[in-house]
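Asker: The primary structure of each chain is shown beneath.
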Amino acid sequence: MARLNMVQAINLALRQEMEHDRSVLVMGEDVGRDGGVFRVTDGLVDAFGPERVIDTPLAESAIVGTAIGMAVAGLRPVAEMQFSGFSYLMLPQLEGNASRLRSRTQGRLGVPLVVRMPYGGGVRALEHHSESRETLYAHVPGVKVVIPSGPRNARALLVAAIRDPDPVVFMEPKHSYRAFREEVPDEEETLPIGEASVVREGTDLTVVSWGAMMRPTLEAVDTVAAARGVSVELIDLLTIAPMDATTVVESVRKTGRCVVVQEAPKTLGPASEIIARINERALLYLEAPVARVTLPDVVTPYFAREKLFLPTPGRIGRAMERTLDF
Amino acid sequence: MPQSEVASFTVSHLQVVDEEGRVDAALEPALEPEQLLGIYRAMVRAREADQRMLKLQRQGRLGTFPPCTGQEAVSVGAAFAMGERDWMVPAYRELGGRLARGEPLDLTLTYYNGYEEGSHYPVERRILPTQVILGSQVPHAVGLAYAMRYQGEEDTAVVCFNGDGATSQGDFHEGLNFAGVWRAPVVFICQNNGWAISIPRSAQTGSATIAQKAIAYGFPGVQVDGNDVLAVYRATSEALARARAGEGPTLIEAVTYRLMMHTTADDPKKYRGSEEEERWWARDPIPRFRRYLEGKGLWDDDRQQALLDELKREVDEAVQRVEQMAVGRDGVKPDAPFDHVYGTENEEVAAQRAAFLDELKLEGTHG
Chain W
27 MARLNMVQAI NLALRQEMEH DRSVLVMGED VGRDGGVFRV TDGLVDAFGP
77 ERVIDTPLAE SAIVGTAIGM AVAGLRPVAE MQFSGFSYLM LPQLEGNASR
127 LRSRTQGRLG VPLVVRMPYG GGVRALEHHS ESRETLYAHV PGVKVVIPSG
177 PRNARALLVA AIRDPDPVVF MEPKHSYRAF REEVPDEEET LPIGEASVVR
227 EGTDLTVVSW GAMMRPTLEA VDTVAAARGV SVELIDLLTI APMDATTVVE
277 SVRKTGRCVV VQEAPKTLGP ASEIIARINE RALLYLEAPV ARVTLPDVVT
327 PYFAREKLFL PTPGRIGRAM ERTLDF
Chain G
2 MPQSEVASFT VSHLQVVDEE GRVDAALEPA LEPEQLLGIY RAMVRAREAD
52 QRMLKLQRQG RLGTFPPCTG QEAVSVGAAF AMGERDWMVP AYRELGGRLA
102 RGEPLDLTLT YYNGYEEGSH YPVERRILPT QVILGSQVPH AVGLAYAMRY
152 QGEEDTAVVC FNGDGATSQG DFHEGLNFAG VWRAPVVFIC QNNGWAISIP
202 RSAQTGSATI AQKAIAYGFP GVQVDGNDVL AVYRATSEAL ARARAGEGPT
252 LIEAVTYRLM MHTTADDPKK YRGSEEEERW WARDPIPRFR RYLEGKGLWD
302 DDRQQALLDE LKREVDEAVQ RVEQMAVGRD GVKPDAPFDH VYGTENEEVA
352 AQRAAFLDEL KLEGTHG
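First to last, the protein sequences are chains W and G. The number in my numbering is simply the position in the first sequence, starting from 1, with 26 added. The number in my numbering is simply the position in the second sequence, starting from 1, with 1 added.
Quick caveat, the hints were computed from the structure, so don't treat them as lab data. None of these values were measured; they are calculated from a predicted model. Please note that the accuracy of each hint is not assured.
[Claimed, not checked] Partial list, derived from the structure: chain W residues whose beta carbon lies under 8 Å from chain G:
#1 Gly91
#2 Ile94
#3 Val98
#4 Pro118
#5 Gly133
#6 His165
#7 Pro191
[Unchecked claim] Covered, in the sense of this in silico footprint (three residues per stretch, anywhere, with C-beta under 8 Å from a C-beta of chain W), are these stretches of chain G:
#8 112-125
#9 169-175
#10 178-191
#11 338-346
C-beta: ideal position from N, C-alpha, C; glycine also.
Isolated chain W (complex conformation) (with noise of 0.2 Å):
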């Protein structure tokens, strides 16, 4: 047991899964020598050698079509995106090939890859590089979207992405790379893929929410349970797609309001599925409308008003009152 930060334990995943599987390659731009931009390939190309550390040309698409030949043949390539702001390049690779090549074969090859990538906003970046797009890739049936939120579940989240037979889109929070630290089991550890996790248990109020906004959103819950004297269960969805409507569902029957929290542009986003669902499953249970703290419809603010434009525990936490109060 060590306390890690969640770029060490991304990258104790990767070693961990390197050791024990031969099949697993990591691929990507400066990935090797250079241990990956954010530092989270570090140390690889050393343990394991270039043929298994592969720095690639700069070319998101090839990335991705070569890593999907290598999942073919049998290997487990780990592809990392720069920056998921680049990853769009890819799309086509992942919408056209890899999420379709199970059924195109009707179950006689799957695509075992993830792609990595850093995403989301808070760290002061240059121009595409703090969006948060999960909406792109859980939109295609075939493929996973998980997003870890801390060091711990990003561990046991990524090794399962890596020993899942399906091709899953792993979205880093970067803006939570190095902001803190939690015991990272030196053991084996991994979470089922397509299941949230409830991270406070409460009565009252539901809160959803995924990845980086997991923070500030915990913040909020804290401040406004112990101000209102409220019990507010918190879920961390982890996996956008498959979602595991069932948790957010079961938890709204119980409180009958809910607030969902995330880092994506309002249109389209996971909280609208999420919404949906309780639509579908929960409507009758409701006592107030679900309310969403979003980013608004805008291209991400560059980063002296980034701050303005992402949701804030202050923000997150007044929506929660006008649920509670409606």
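Position chain G against the provided structure of chain W, taking the given hints into account.
Answerer: Chain G in isolation, oriented as in the chain W frame:
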């Protein structure tokens, strides 16, 4: 010297059998009569299947498909040069090569009849499904080639097909670039059939040849007469030998012609003249190779008729089997599209499948 030449290149064109069926003995591959007859049979088989599919489509008995007539020599020549363990990564105009590699004709017909069951691909024969998204298969081939080396299959190579239109796609260039950097054991075969739907090759690229695009990625490109099956065979064999020897990839530009429409939804009269098509009918790869075989005393009218009769029976029987298929009959279940979305159990897919089947029951269809 402040100025000096730092790079130069040439691109060669290869023809083994000319349009009259005369062979260049120095270039003629050493093939046994049964191999030569196998090549001929594979080309005629593709032609017969293709033309029957066209008739079926016109009668409303088959969906849209891209005919391969006129281009049989490219994929058949390549398929016969390949080893059992090599991977074939097709685009969608390689019917001859795919059938020769062991893809069942029933599967092709089932797929183009709109059934998921037509995707039950014989991957054990190391053939990937046809690719609709132009050029996106090129990086797959390179990744497969990398994996073959990584897994210790030193003698295995990958043969990847695309058309002239796809050479404008980013994935084509990215794939070739990765292959050059990795010296991957892969042979890229571009079927330059002159047209990408209505766009002629001259409007697709400013390059004098497609073969020369390989030079920029650090490996050889050769142009071959794509209607000369022995030229394709020879060029592919040489490229595969290079790949197996660790010398890296090769790009083969096979110059051929799409004698039919792009797909059955297309009308070539809109953009090209019949004189051009007639010129290319005169270069049809199948009669050319037949003349070559006749010159060797390996073929005659009786054998031709026997082959056509045999292939007609094969195609007839396949069509009959496939046309019996109907959703709801003989295990062709209506909810098949739910089967292979994910490789793991999924509550949401299961719930949506159950709801779908409930609706069918209410509608009284397939319930």
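Asker: Check, residue by residue, whether the stretch 338-346 of chain G contains three or more positions whose beta-carbon lies closer than 8 Å to a beta-carbon of chain W, and give the verdict.
Answerer: It holds: at least three residues are needed, and the stretch 338-346 of chain G offers 7 whose Cβ sits within less than 8 Å of chain W.
Asker: Hey, does the W/Pro191 contact hint survive, CB to chain G under 8 Å?
Answerer: 3 Å, holds
Asker: So is the stretch 169-175 of chain G in contact with chain W by the C-beta rule, three or more residues under 8 Å, or is the coverage claim wrong?
Answerer: holds (count 3)
Asker: So, as I understand it, the hint says W/Val98 touches chain G; can you test that by seeing if any CB pair is closer than 8 Å?
Answerer: 6 Å, holds
Asker: Should the interface hint for W/Gly133 be scored as holding, given a Cβ-Cβ cut-off of 8 Å against chain G?
Answerer: 5 Å, holds
Asker: Holds or violated: the hint that W/His165 contacts chain G, with Cβ atoms closer than 8 Å.
Answerer: With Cβ-Cβ at 13 Å, over 8 Å, it is violated.
Asker: Holds or violated: W/Ile94 as interface residue toward chain G, Cβ cutoff 8 Å?
Answerer: Since chain G brings a Cβ to about 5 Å from W/Ile94, closer than 8 Å, the hint holds.
Asker: Per the CB criterion, is W/Gly91 less than 8 Å away from chain G?
Answerer: 3 Å, holds
Asker: Hold the hint about W/Pro118 up to the distance rule: shortest CB distance to chain G must be less than 8 Å.
Answerer: 6 Å, holds
Asker: Are there three or more residues in the stretch 112-125 of chain G whose C-beta lies closer than 8 Å to some C-beta of chain W?
Answerer: holds (count 6)
Asker: Please count how many residues of the stretch 178-191 of chain G have a CB within 8 Å of a CB from chain W and say whether that reaches 3.
Answerer: Check passed, 3 qualifying residues.
Figure legend: structure checked against the earlier numbered hints; the only hint not met is number 6.
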